[in-house]
Amino acid sequence: MTREMTGAEMVIQALADQGVEHLFGYPGGAVLPIYDALFERNDVRHILVRHEQGAVHAAEGYARSTGKVGCVLVTSGPGATNAVTGLTDALCDSIPVVCITGQVPTHLIGNDAFQECDTVGITRPCTKYNYLVKTIEDLPRALHEAFHIARSGRPGPVVVDIPKDIQFAKGVYSMPEEIPHKGYRPKLKPDADKVKAAVALMTKAKRPLFYTGGGIINSGPAASKLLRELVQATGFPITSTLMGLGAYPASDPQWLGMLGMHGTWEANWAMHDCDLMINIGARFDDRITGRLDAFSPGSTKIHVDIDPSSINKNVKVDLPIIGDCTHVLEDMLRLWRETKAKPDKKTLDGWWKQIGNWRARKSLAYHNSKEIIKPQYAIERLYALTRDRDVYITTEVGQHQMWAAQFFKFEEPNRWMTSGGLGTMGYGLPASVGVQLAHPGSLVIDIAGEASVLMTMQEMSTAVQHRLPVKIFILNNQYMGMVRQWQELLHGGRYAESYTHSLPDFVKLAEAYHAVGIRCDKPGELDAAIIEMINVDKPVIFDCVVDQAENCFPMIPSGRAHNEMLVGDAAERLEDAITEEGKVMV
Amino acid sequence: MNTTASTTHYPAQTITQRTETHTLSVLVDNEPGVLARVIGLFSGRGYNIDSLTVSETEHQKHLSRITIVTTGTPMVIEQIINQLDRQVPIHRVVDMSTLSVPAIERELAMVKVRGKGENRVEALRLADAFRARVIDATTESFIFEITGASAKIEGFIALMMPLGVVEVSRTGIAAISRGPEGM
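In the order they appear, the protein sequences are chains D and V.
Numbers 1 to 586, taken from our numbering, label the letters of the first sequence in order.
Numbers 1001 to 1183, taken from our numbering, label the letters of the second sequence in order.
So that you can see chain V by itself, here it is in the shape it has in the complex (with noise of 0.2 angstroms):
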């Protein structure tokens, strides 16, 4: 036989797609260990996570909902909504990515930007144009907290950059679907 074939007795990967980013809403049982479980799952079967967010939503029935942005191929995004779903604290997993109608993304982001003189004006005044709001300010300082979708903070924390930012803390991304019907 062929020995300059491969040498590992694995079949080499042949299937090649493009990746695509989804975002996942996965609502879980509010209990120890769940959200290991889900980030486990991830790091051990080598999916990616872009952003991440975890709150319990309804206290009553003991429910979070996690929402999950991650990069893969068509079928490696299929395999983690399957994947997720099999787990038995997980209730549902809705890829929000292909509803019919676009979902609502949303982030939250403070962001520390310290100056003085004409920085500081500048620095209000853009944020008055992207609709941050002032939550913290010293003589030298401010913390601004701005709310939309992650592109926009992008944006804002591009332009404030030069004006000094010092630290920035974001939520990573919420979503809900539009209509009258929940998950």
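Looking at chain D on its own, in the form it has when it is part of the complex (with noise of 0.2 angstroms):
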């Protein structure tokens, strides 16, 4: 389609031409144009939140949970650097972002005007590319190119910052057939040789493990199918990162669970014992890592990546596959499949009594109580009551992230919304608003933290104007727990600023909003709330009152290695879970 428009219909129409459903986004002096003309469309619904940040985060849970890019429109100046955070959040996690912000008009760039600042200068370092477009004939093509290099090879957020004379100008779009980028062509196949050269170390492997990561969520369902038919013709066992839970189904018996810092016992273990490390679309995170030079010491490791920077950043590999995760396990699976060398069966075998004896050490066991709800035990029971629903589950992020981890188990991609890289307490529940519009009859849940869901409390406006019922479900500790837990053990017990006094009454705080809230503080009477919160039609905030004490184990102390884990009381002790055989290889 060819016709003359202004900057502002422009935007719009380059919108609905991909496909984009839902806009988050706030207006402000140099947006108004393009407020002007998405008011006068209805095929582009606009989600008017209650902070820029949470636009960016709401876009990234859609993103997240449908594949498809998240759109945001901002305004300059406040509106560009209060979306900052969520870009961020969105590079460190690859999450396909589109941002559009509004800029003061050409003539006054760099006059100090009112509302402006370097929205391309401050946004450069936190966007995969950004554009200040400054003739309307650029338009058109920035906005389009915009979404292709967000989606394409390693996603990421993409801002377009456009000024006010050129939201006004007119010019003529058209929708471009192709968008030929010159310097940018992500590499997706991979070598075949190197492929050929992975599989070979496979049918070699002793104690063969698959490492995964957010990298397959990203490149499509495909990537999950695909990688679930090779671990299965393989036997090997895998674990994943955090990014990457629901990529493999947790149910089943080759699953080890997540790895790293607050990993499975089982987990870690492989990863420092394994002899073949095949790492599909996870990248050597030092959440993951540990102590690099004592990082799985005796393992050949092969590395699948789309983006070449990450191979060799952290940790030296010996076999770099660089392409995107569908390709390279498509071709993998073939190969597999046509090799008629398969690992020794009995090697393998002893390689999984070994994991045995590692998941006998129940790592992830806690003492319950019938007293005080036990945080692992509220996660236990949200996951066992909303199993057979369609449920997304977002997180802010500390303990209550790591448990949701390691305690709700993901059967499928694309359900797990969490702030990975940057870490964003507040993420959640702006995401989860994100989530539950893309998916209207879904149940979503924000497992949250008192402290991390205060930062983005106002979007709780957002899902009642928009009749979102998202489920905020809080593990109230009155701790920022995880900051509390590491002054428990590596500051003396000196809790400086981790507890907050002053909190304010949630279910109040939730019916000021018009929401529901619903209140929990015996073990007993969990269940019934749960259930009662999950048949509530309407936005709710679940004040769930939990033992203030709790840490979260086990944990890879700093600066430790894999098989340094710290484990709670809970958990069997070393001698009575590993036999004598174990015992050797431990």
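Hint data in this document are derived by calculation from the structure and do not stem from the laboratory.
Keep in mind that this is a model prediction, so the values were computed, not measured.
Accuracy of the hints is not assured; some may be wrong.
Taking lysine to any residue and the SDA-like style, the derived pairs with C-alpha atoms no more than 20 angstroms apart in a straight line are [to be verified]:
1. D:K206 <-> D:L348
2. D:K134 <-> V:P1032
3. D:K316 <-> V:R1018
4. D:K316 <-> V:V1076
5. D:K194 <-> V:N1082
6. D:K316 <-> V:E1078
7. V:K1116 <-> V:L1126
8. D:K409 <-> D:L333
9. D:K316 <-> V:Y1047
10. D:K187 <-> V:L1027
11. D:K189 <-> V:N1082
12. D:K134 <-> V:L1035
13. D:K301 <-> V:M1075
14. D:K134 <-> V:G1033
15. D:K538 <-> D:S442
16. D:K204 <-> D:D193
17. D:K316 <-> V:R1045
18. D:K316 <-> V:N1082
19. D:K316 <-> V:A1012
20. D:K316 <-> V:Q1017
21. D:K134 <-> V:N1030
22. D:K187 <-> V:R1092
23. D:K316 <-> V:G1072
24. D:K187 <-> V:V1094
25. V:K1061 <-> D:A142
26. D:K409 <-> D:R387
27. D:K316 <-> V:I1081
28. D:K225 <-> D:G67
29. D:K225 <-> D:A360
30. V:K1112 <-> V:V1165
31. D:K316 <-> V:T1019
Fit the two chains together into the complex; they arrive one by one in their own frames, and the hints show the way.
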């Protein structure tokens, strides 16, 4: 379609042409022409948030749960700077987001005009790419290119900064047939010989392990499907990062649980002792590796990643494969099936036996209580009572996030939305708004901490306005729990500023937002309260009052290796859990 | 647990390698902000810039060429190349220091020398030996233009110093590979 229109109309037309149905935003002086263009159309629905950070997190939740690009519209100056946390979050977790920002008119740029800031300067390090559109002729291409860049390769946020005079200017709009960007060509297909070498290593492995990450989720549902086939065809164990949960079903016996700082005993020990590590779509983050010189010392490492800069960044790998997970997995699976040679069954059985010994440690065990709700118990019950439902989980950041990752079992990809890389407290509530919008009939729960959720609590108003029945399940221990845990373990129990006095009454707060508030502080009443929460067709704040002193285990302490994990009191003692034979290998 | 261990929740640096100096040629879209992007990448990720030159090299295609001299461990150099290469407006990155035949590296310097009498004559003699040209002259000063590898320029400036060097302006290194192939 080619016709003359204003820059503002082009923005909305480009969104519609890109299939955007929902736009999260907040109006202001420098985007009023775009809001005016939006007013006349009903194919793009605008979701008014209460803070621009919330808009970006909502778009992230939307993107993460659908695989589509999340879209944001904010004004210049404070609108753009408020979006920066969300953009950085999206960059760290590789979430496709297009954020359109208004800018002061071109003749005022650089004049310290009202609500002016150097948006492209500020967002350059926290976006995959950004544009300042200075002529109307550049606008259609910039808009469509932004979507292409956001969703392709390693996804990420893209900012398009549009001065107000460009929004008013008239020009010719057309949707480009294709976006042939000269310098930007992500490599999707892996080198055939590399995949062949990988499969050859796999056939000879004695103690192999799949270590997968968010790249599988970003690659789309096909990647998860192929991963399942490959893991089952090989019979190898699999663990995953926080970002990769759901790519492989947690109910499957080959699943070892999450690895890393709060990963399971078996996953971390398997990482440490494996002889072949097959990393697919994960990036050797410091939460995963712990001490680098003691990280999986005896293994050959295969690393599949779409981003060449992830290779050899933290950990030197033996076989890097650049490509999209779907393509790589497809090739790997085909070659695996064609290859006659397979790992020695007996050796693999020995490896599984060893893993069984580690599992027997029951590293996630905790002492339950009849008097006080244990946070782990709360999540176990939440999981049990929502199992048969179509459920999506978002989280904030901290202990509750780790417990959710440990105790909530994900069977499918795109069901788990959490801030991994940046660790943004306040992510979960706005993200749940985006998820609920994309999945109107589903049960969307933000597993929250009382400290995190207060950072973006204003988005309850958004949820109520747009009739999004999100459930904010707060594990309320009155502490910034993870901070308190670190202070307990590393700073002599001096709890500097990690206790929150004068918390709001969350039930009354919910009511003030015209939502529903539920409080529960007795283990015996928890099930009924959770069921009540599920059955309310309105946004709910659930104040689950939990044990203040509970710590999150297992835990790899700072500067330690995978085999130096701490576990809670309730975990089986090593001597009880491990057989004589196993002891030798431990 | 042992609380004398590090009290940060980040792993300590445990991998140490020797640092090397590399010259990178980077072909970029000649558009606003691209240099800021490159420099921001270096400062944001803690990489070093020893020298940097930028100029448009292909007007029709709107391409500029940036030559960066940087120092780091082999792992960091690899990171720098990959981080640069994945930037949207960056077309190509070539490590000129790892080519099979070493690339040619040159820079240009303008050296202002102030003096009278014997120093003046000596400065001209030295300039002649280094094939530096006089591009400005007054009764009490010369400006010399010298082109060459950095070491040659360093040598020239060092010899000129006692003869009254007032100031020096250098372009930084530009590099090009030998042989018929382009980057």
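* Asked: If you draw a straight line from the CA of K134 of chain D to the CA of N1030 of chain V, is it 20 angstroms or shorter?
  -> OK: K134 of chain D and N1030 of chain V at ~15 angstroms, within 20 angstroms.
* Asked: Would the pair K1116 of chain V and L1126 of chain V pass a check requiring their Cα atoms to be no farther apart than 20 angstroms?
  -> This hinted pair holds, its Cα atoms lying about 15 angstroms apart.
* Asked: Quick one, are K134 of chain D and G1033 of chain V close enough, alpha carbons at most 20 angstroms?
  -> Holds, at about 13 angstroms.
* Is the straight-line distance between the alpha-carbon of K316 of chain D and that of V1076 of chain V 20 angstroms or less? -> Holds, because 12 angstroms separates the two Cα atoms, which is no more than 20 angstroms.
* Holds or violated: are the alpha carbons of K194 of chain D and N1082 of chain V at most 20 angstroms from each other? -> 19 angstroms, holds
* Is the hinted pair K316 of chain D and G1072 of chain V satisfied, with a Cα-Cα distance of at most 20 angstroms? -> 16 angstroms, holds
* Are K204 of chain D and D193 of chain D close enough, with their CA atoms no more than 20 angstroms apart? -> Distance ~17 angstroms between K204 of chain D and D193 of chain D Cα, so the pair holds.
* CA of K409 of chain D to CA of R387 of chain D, is that 20 angstroms or under? -> 9 angstroms, holds
* Does A1012 of chain V lie within 20 angstroms of K316 of chain D when you go C-alpha to C-alpha? -> 17 angstroms, holds
* To do: For the pair supplied as a hint, K409 of chain D and L333 of chain D, confirm whether the alpha-carbon distance does not exceed 20 angstroms.
  => 26 angstroms, violated
* **20 angstroms limit on alpha-carbon distance, applied to hinted pair K206 of chain D and L348 of chain D** => 6 angstroms, holds
* Would the pair K316 of chain D and I1081 of chain V pass a check requiring their Cα atoms to be no farther apart than 20 angstroms? -> Between K316 of chain D and I1081 of chain V the Cα gap is close to 16 angstroms, so the pair holds against 20 angstroms.
When each numbered hint is compared with the structure, violations occur for hints 8 and 29.
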